[in-house]
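Line by line, the protein sequences are chains A and B.
Residue numbers are given in our numbering: position 102 of the first sequence equals residue 102, and the series is strictly consecutive.
Positions in the second sequence are counted from 1; adding 113 to them yields our numbering.
Be aware that one or more of the hints could be misleading.
Derived DEER-like restraints, expressed as beta-carbon distance ranges [unchecked claim]:
(1) K155/B - R22/A: 17 to 27 Å
(2) A192/B - L61/A: 29 to 39 Å
(3) Q171/B - L113/A: 40 to 50 Å
(4) N59/A - I133/B: 27 to 37 Å
(5) F69/A - P226/B: 45 to 55 Å
(6) A192/B - R109/A: 30 to 40 Å
(7) D40/A - P226/B: 29 to 39 Å
(8) E54/A - G129/B: 45 to 55 Å
(9) E75/A - G129/B: 17 to 27 Å
(10) N166/B - G16/A: 42 to 52 Å
(11) R164/B - Q44/A: 33 to 43 Å
Don't read these hints as lab results, they were simulated from the structure.
Each residue gets a CB set at the ideal place from its N, CA and C atoms; glycine is no exception.
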Amino acid sequence: DSGVTQTPKHLITATGQRVTLRCSPRSGDLSVYWYQQSLDQGLQFLIQYYNGEERAKGNILERFSAQQFPDLHSELNLSSLELGDSALYFCASSPSFDPDTQYFGPGTRLTVL
Amino acid sequence: GESVGLHLPTLSVQEGDNSIINCAYSNSASDYFIWYKQESGKGPQFIIDIRSNMDKRQGQRVTVLLNKTVKHLSLQIAATQPGDSAVYFCADLGGGSQGNLIFGKGTKLSVKP
Numbered sequence: 001d002s003g004v005t006q007t008p009k010h011l012i013t014a015t016g017q018r019v020t021l022r023c024s025p026r027s028g029d030l031s032v033y034w035y036q037q038s039l040d041q042g043l044q045f046l047i048q049y050y051n052g053e054e055r056a057k058g059n060i061l062e063r064f065s066a067q068q069f070p071d072l073h074s075e076l077n078l079s080s081l082e083l084g085d086s087a088l089y090f091c092a093s094s095p096s097f098d099p100d101t102q103y104f105g106p107g108t109r110l111t112v113l
Numbered sequence: 114g115e116s117v118g119l120h121l122p123t124l125s126v127q128e129g130d131n132s133i134i135n136c137a138y139s140n141s142a143s144d145y146f147i148w149y150k151q152e153s154g155k156g157p158q159f160i161i162d163i164r165s166n167m168d169k170r171q172g173q174r175v176t177v178l179l180n181k182t183v184k185h186l187s188l189q190i191a192a193t194q195p196g197d198s199a200v201y202f203c204a205d206l207g208g209g210s211q212g213n214l215i216f217g218k219g220t221k222l223s224v225k226p
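The shape of chain B in the complex, shown without the other chains (with noise of 0.2 Å):
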């Protein structure tokens, strides 16, 4: 079945460090890729967004890259800072599904001062 996972729970960097968080999909006829940032008792934040035909976007400060052959999503945070404390989460959008956002479980994002 379709599926969006994390590989790690947790991560913890050092500021000033460039961070990467992983995300694996299931469904290879998933087209659409969204990084969210959900800080504590807030809702999820849109970072960045990704489809299917291209490898590699970038926003300011992060970089989203897909591998299809894989199956595997990632978010890079240049120079990491403490507000970029947070829960993380990819969301796939798979094919032929209307309106339904597939979300993983997150990773947190620890940065140390």
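With the rest of the complex left out, here is chain A (with noise of 0.2 Å):
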């Protein structure tokens, strides 16, 4: 067990519908990583967030969006949903800012039907 918490476990959803992916990341960790992982891609990272601001960001698309809050959670927004997006969405957290040591969640599988 990681100490990362991801929430929901699984989602299924139709195209053009909006979810939100929440992810608690390790006590301490300031800093939140979400990442996309689909058969043909891979392990895909889309953004970093550390305390709150927005601090790197992958190929995320401009339908997704995130946030982190004042108590460090963080959510992944995906709207316009597309089948294409039906992929297993990964949050990771650190201590710091600095990209490294990086520890996984559970992972959310998300369905577009």
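Using the hints, put the two standalone chains together into the complex.
See below:
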């Protein structure tokens, strides 16, 4: 158990819909990272937040957004969902803004029908 | 561009044998590398890391070797056990990238009893 929690574990929705994935980092960690894992693209970095502020952005679509709240939990919002958005979404956390030694949560499996 | 890839997509070994999983990276400015293990249905689990000022680092039953000359990374698992069966990813934190761990496609390790 990495100490990173993610909810929900599974999510099934329809195209065009909007969903919110939630992540709580390890106690004391200030950075949260979001990744997408699909069969054809592997693990892709989406975005990093550090202490409430966006710190780095990767291959995140404009339909996706994230935020980190004062209690350091983070939410990833996915809107106008498409079939291709079906994937595993992982959250990771690290103690500082340095992106090394990230600890991953169990993931949320999103299925878009 | 930056890329991290694995030489072999699958590796099958006999229980008790040593396993070697290889990884190539392309960014010569990369200064930090991590190996992750991902079991079915779980998030990536940190195994071991190494910085570019080192050639070798040892953990419990695992050793990571870094050859900067040929931009090659390997993970050696001693006395492989059935519990080692998983997909192993190398990840690279390229110089100048913030929060952007670049993951390879992964190697599936199967341990035969």
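Hints, one by one, checked against the model:
1. K155/B - R22/A: 17 to 27 Å: Cβ of K155/B to Cβ of R22/A: about 18 Å, so the range 17 to 27 Å holds.
2. A192/B - L61/A: 29 to 39 Å: Check failed, 44 Å falls outside 29 to 39 Å.
3. Q171/B - L113/A: 40 to 50 Å: About 47 Å separates the Cβ atoms of Q171/B and L113/A, which means 40 to 50 Å holds.
4. N59/A - I133/B: 27 to 37 Å: Because 31 Å falls inside the window, the suggested range holds.
5. F69/A - P226/B: 45 to 55 Å: Holds: the Cβ-Cβ distance is about 47 Å, inside 45 to 55 Å.
6. A192/B - R109/A: 30 to 40 Å: 33 Å, holds
7. D40/A - P226/B: 29 to 39 Å: Holds, since D40/A and P226/B (Cβ atoms, about 32 Å apart) stay within the stated range.
8. E54/A - G129/B: 45 to 55 Å: 48 Å, holds
9. E75/A - G129/B: 17 to 27 Å: Once the Cβ atoms are compared, 46 Å apart, the range 17 to 27 Å for G129/B and E75/A is violated.
10. N166/B - G16/A: 42 to 52 Å: 50 Å, holds
11. R164/B - Q44/A: 33 to 43 Å: 24 Å, violated
Checked against the numbered hints given earlier, the structure breaks hints 2, 9, 11 and satisfies all the rest.
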